[in-house]
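**Q** Protein chains in written order, with this note's numbering: chain A, 1 to 470; chain B, 1 to 462.
Hints were generated in silico from the structure; no laboratory data involved. Glycine included, every Cβ here is placed at the ideal spot set by N, Cα and C. There's no promise every hint is true.
Output of the computed footprint for chain B on chain A, the stretches with three or more beta carbons under 8 angstroms from beta carbons of chain B [claimed, not checked]:
(1) 26-35
(2) 125-131
(3) 207-216
(4) 347-357
(5) 370-384
Listed below are the simulated PhoX-like cross-link pairs for lysine-lysine, each with C-alpha atoms no more than 25 angstroms apart in a straight line [to be verified]:
(6) B:K54 <-> A:K228
(7) B:K54 <-> A:K317
(8) B:K116 <-> A:K221
(9) B:K80 <-> A:K221
(10) A:K338 <-> B:K55
What follows is each chain in one-letter form.
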Amino acid sequence: MKTILEYQEQFKKQEITPLSLLERSLANINPSLNAYITVTEEFARKELKKDKEGKLKGIPIAIKDNINIKGIPTTCASNVLKGFVPPFSATVIERIEKNGGIFTGKTNLDEFGMGSSTERSFYGPTKNPFDPTKVPGGSSGGSAVAVASGSAVISLGSDTGGSVRQPASYCGLVGLKPTYGRVSRYGLVAFGSSLDQIGIIGRNAEDVEIMLEVIAGYDPKDSTSSDKEVDDYHNLEKRPKNIKIGIPEEYFKQIDSEVYSSVMEIKKALEKENITFKSVSLPTTNYIIPTYQVISYAEASSNLARYDGVRYGLREKGEDFHDTIRKSRDKGFLPEVKRRILVGTFVLSSEAIAEYYERADLIRRLITEEFNEVLKGVDCLLTPATPTTAFPIGERTDDSIRMHVPDRLTAGANLAGIPAVVAPAGMIGKLPIGYQLIGRPFDEKNLLSIVRLVEKIAPFKWFLKEDKNG
Amino acid sequence: MAEYKPTIGIEVHAQLKANTKLFCGCPVSFGADANTNVCSICLGLPGVLPSLNKKAVELAVKAGLALNCTIHRESIFARKNYFYPDLPKGYQITQYRFPIATSGKILVEGREIRIKRVHLEEESAKSIHQEDKSLVDYNRSGIPLIEIVTEPDIDSPDMAVAYLKTLQKILQSQHISGAVMARAEFRCEPNISVSKKEGVLGTRTEVKNLNSFKAVKNSLTSEIKRQIEILRSGGVVEQATIHYSEETGKTWKARTKEESSDYRYFPEPDLPPLIISQEWIDEIKSTVGELPAKKIERYIGLGIAEAEAKIISNSAKASRLLEKTLEIINEPIEVSKWILRDYKNLEEPDISAENFAEMIKMVLSGKISRNAAAEVLKEMVETKKTPKQIVEEKNLVQISDSGALEKVLLEVFKENPDELTRLKKGEKKLTGFFVGQAMKKTKGKADPKEVSRLISEYEKKY
């Protein structure tokens with residue numbers, strides 16, 4: 001188990017080469033886990049030959065297949081994008097390439113990011129490497145599995161309601177959803193534009209910090225990106241003292257008792273490090289799921305309107321334009337996406353908008369204010385990442401309401417636009433479980449330094465087996 | 001029985017004079033090959049985001065200022081959702097509840113037309129329907145537009161046309177929009193209702209696909225008639241979209257299916273609220289030139305007749321010549337007459353105000369005759385010489401000397417004995433004839449006033 005810096009040290013000492021690391025990573029791809037939609041071996045070998053220097057030099061990186069890489073198909077795990085090859089790369093991809101990062105492939109997801117299990121993919125479900133009968137979480141399940149199973153050192157996902165953090169919890173990884181606007185969304189295929197944020201899944205806090213330094217920062221192509229200066233995340237000299245962490249009581253209800261105990265172990269360990277804890281309350285927590293659903297579905301119904309078969313992607317023959325689009329979309333989308341488009345269309349319709357979309361928008365503001373208020377008194381919040389460990393494949397595919405249950409713990413950070421990180425809290429049986437830290441806007445550095453501290457004092461038995469790269 | 005009165009409001013879409021599209025860097029040009037001015041953004045490919053064009057915002061603010069609107073320091077973009085092949089994202093980015101400018105007014109033929117709102121939005125692409133297929137040209141997709149909406153302050157088809165012409169002039173004179181109708185840079189959609197009761201509006205219909213002012217006038221006239229006929233026969237006007245045929249001059253109702261749309265507007269999450277600083281508004285304000293109505297008013301104030309003031313203010317060149325010339329000689333009425341008659345007849349050539357003023361001065365001082373001056377002007381345009389040079393070279397100095405003129409007159413009398421006899425018998429109208437003959441003989445140099453004075457003196461002798 002090596003970190004980015006350790007691999008690069010090995011490159012310097014010529015113990016390994018970027019090519020040998022790439023080859024070992026590609027060899028770790030386990031087709032039965034179905035983490036990848038497209039493996040970009042040829043592309044990666046070509047990139048390696050350019051021998052670029054940078055913070056990610058020679059590091060194999062997996063990319064969720066809703067982030068464009070120029071010349072490589074983007075599927076969003078949907079049949080509707082059949083044959084679509086983007087003529088441009090996402091800003092994050094350009095930044096990684098400039099820093100010498102090497103792409104292993106495009107990873108599986110729930111279609112357009114809509115799901116919590118990576119089962120709702122046109123390309124079939126991805127499986128959890130700790131137990132292949134379990135889901136890896138979602139929607140960035142492929143990116144989590146790629147890292148957990150050693151085919152990539154680090155990966156990018158996208159997080160609209162928890163899609164980076166929830167699979168990180170189920171796969172024993174560190175998953176960061178940065179502050180809204182910290183990372184450019186240009187080139188990320190939109191699901192819920194006001195909630196979407198590109199996130200990072202890595203094995204440890206340090207790797208995530210290095211990746212964040214590369215991808216964060218203002219992008220003129222994304223008007224919602226922030227021009228706030230990017231922190232030196234990886235430099236730990238200025239670690240804050242007298243940290244106070246809030247424990248929001250609402251987040252510890254409706255969760256498994258073992259999950260509760262795991263997070264409490266983290267709390268105890270941190271208390272020994274002179275970090276103080278304070279009980280806090282976020283009464284709007286119970287409104288998170290409905291608010292998240294209304295807003296994300298509404299935006300999705302509009303964002304996905306462009307898939308009409310006119311310019312690219314799947315086109316079914318119809319009698320006229322409207323018939324063609326109806327047939328193309330009917331064949332192109334899976335049931336969950338259709339369900340969300342239908343609900344999203346309804347909540348924006350003139351008869352329903354006041355009752356649903358506008359009300360949700362108002363509650364979203366209350367949720368945001370509540371977070372900001374509570375975060376005035378504490379540096380961040382400690383919560384469980386998921387109510388349970390990974391659930392069995394097939395258990396919730398017909399139950400959209402149950403599928404949304406984990407969102408209660410994660411989607412609040414998306415609604416409020418604040419950063420949140422999930423990191424390992426130990427194992428429950430043979431499955432990992434994570435804890436979550438939710439912080440103030442642009443406070444990624446402090447969140448990650450707390451994760452580093454937990455890694456150092458590791459109150460639980462480290463569980464990840466030495467991978468073949470070791 | 002009371003008459004039915006029409007109430008009309010108009011929506012105008014004007015293409016802004018920006019070099020690039022509203023949300024991407026693609027060039028805006030007319031007549032380019034199909035699908036050459038396109039990129040990932042204006043094609044709405046998966047993953048793209050819009051970046052707002054600053055120039056378009058500036059022009060929209062300028063339009064708001066030129067239409068005497070309140071400019072909103074914060075406005076919000078919204079998505080208007082509907083499916084159509086010429087709409088690549090499945091929604092149009094526009095402004096809905098919070099437009100960039102509201103509550104303006106302009107003067108049209110002395111009457112105030114209130115402007116409800118001005119907002120920014122992107123153009124859709126162009127569909128070309130062929131027999132067995134439809135083609136789409138995305139060059140237009142994303143071109144910056146402003147939509148200008150009036151209050152229902154217009155009460156006749158003629159007034160509607162007058163409003164549109166005034167608006168077009170404002171947009172053109174302020175360099176906000178080329179506003180050429182034939183290029184679809186200026187499109188209008190009037191809505192109309194008729195009612196007998198003051199202050200009570202009937203059900204309105206919206207007229208689409210109007211490509212000329214004539215079409216606006218004819219379609220509205222036809223639609224007013226159609227609505228009145230329905231009401232007279234006891235029917236009910238239905239809210240509808242109305243189509244107009246240029247060939248038949250007739251309007252008809254579109255099938256209701258075509259318009260049963262719910263656009264599901266909601267704030268565009270990809271663009272933060274548009275914040276405009278007061279400093280920038282002030283800066284833009286300083287670039288707004290004088291509006292046509294103001295200019296006419298000012299010309300009238302100088303003593304120029306209203307009809308003449310309107311004609312001159314309609315032309316940027318004529319207005320400029322008038323104003324520059326008046327800086328040299330303060331004779332507004334005289335200068336405007338020269339501009340209206342001779343300058344306009346020559347199709348507004350490029351001449352310097354200095355020369356023009358000098359020429360008029362020569363007329364006013366009696367140095368050259370009006371006829372000679374017309375010749376000087378022509379010569380000025382052709383040779384670019386000064387009036388002084390031309391007058392000298394062509395020997396055009398007016399003959400006012402009575403001795404010389406008498407000599408000319410005697411010759412003319414001699415050549416026209418019959419007319420002379422009739423003049424002597426008291427036929428006054430022959431004075432004009434002899435003045436004309438004298439002018440002809442002197443090639444226009446004779447001072448006509450002096451000539452007629454001499455003729456009447458001559459008459460008295462007999």
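**Q** Compare the structure with each hint and give your call.
**A** How the hints compare with the structure:
Requiring three or more residues with a Cβ within less than 8 angstroms of a Cβ of chain B, the coverage given for the stretch 26-35 of chain A is violated, as only 0 such residues are present. Note: the stretch 125-131 of chain A has 0 residues with beta-carbon separation from chain B under 8 angstroms; the three-residue rule is not met and the coverage is violated. Only residues whose beta carbon comes within less than 8 angstroms of a beta carbon in chain B count, and the stretch 207-216 of chain A has 0; fewer than three means the coverage is violated. Residues of the stretch 347-357 of chain A with a Cβ under 8 angstroms from some Cβ of chain B number 5, which satisfies the need for three, so the listed coverage holds.
Counting residues of the stretch 370-384 of chain A whose beta carbon lies closer than 8 angstroms to any beta carbon of chain B gives 0, which falls below the threshold of three, so the coverage claim is violated. For the given pair, K54 (chain B) sits about 21 angstroms from K228 (chain A) by alpha-carbon distance, which is consistent with the 25 angstroms threshold. At most 25 angstroms may separate the alpha-carbon atoms for a hinted pair to count; K54 (chain B) and K317 (chain A) exceed this at roughly 41 angstroms. At most 25 angstroms may separate the alpha-carbon atoms for a hinted pair to count; K116 (chain B) and K221 (chain A) exceed this at roughly 33 angstroms.
Using a Cα cut-off of 25 angstroms, the hinted pair K80 (chain B) and K221 (chain A) holds, with the two alpha carbons roughly 22 angstroms apart. About 39 angstroms separates the Cα atoms of K338 (chain A) and K55 (chain B), which puts this hinted pair outside 25 angstroms; it is violated.
Figure legend: structure checked against the earlier numbered hints; hints not met, in rising order: 1, 2, 3, 5, 7, 8, 10.
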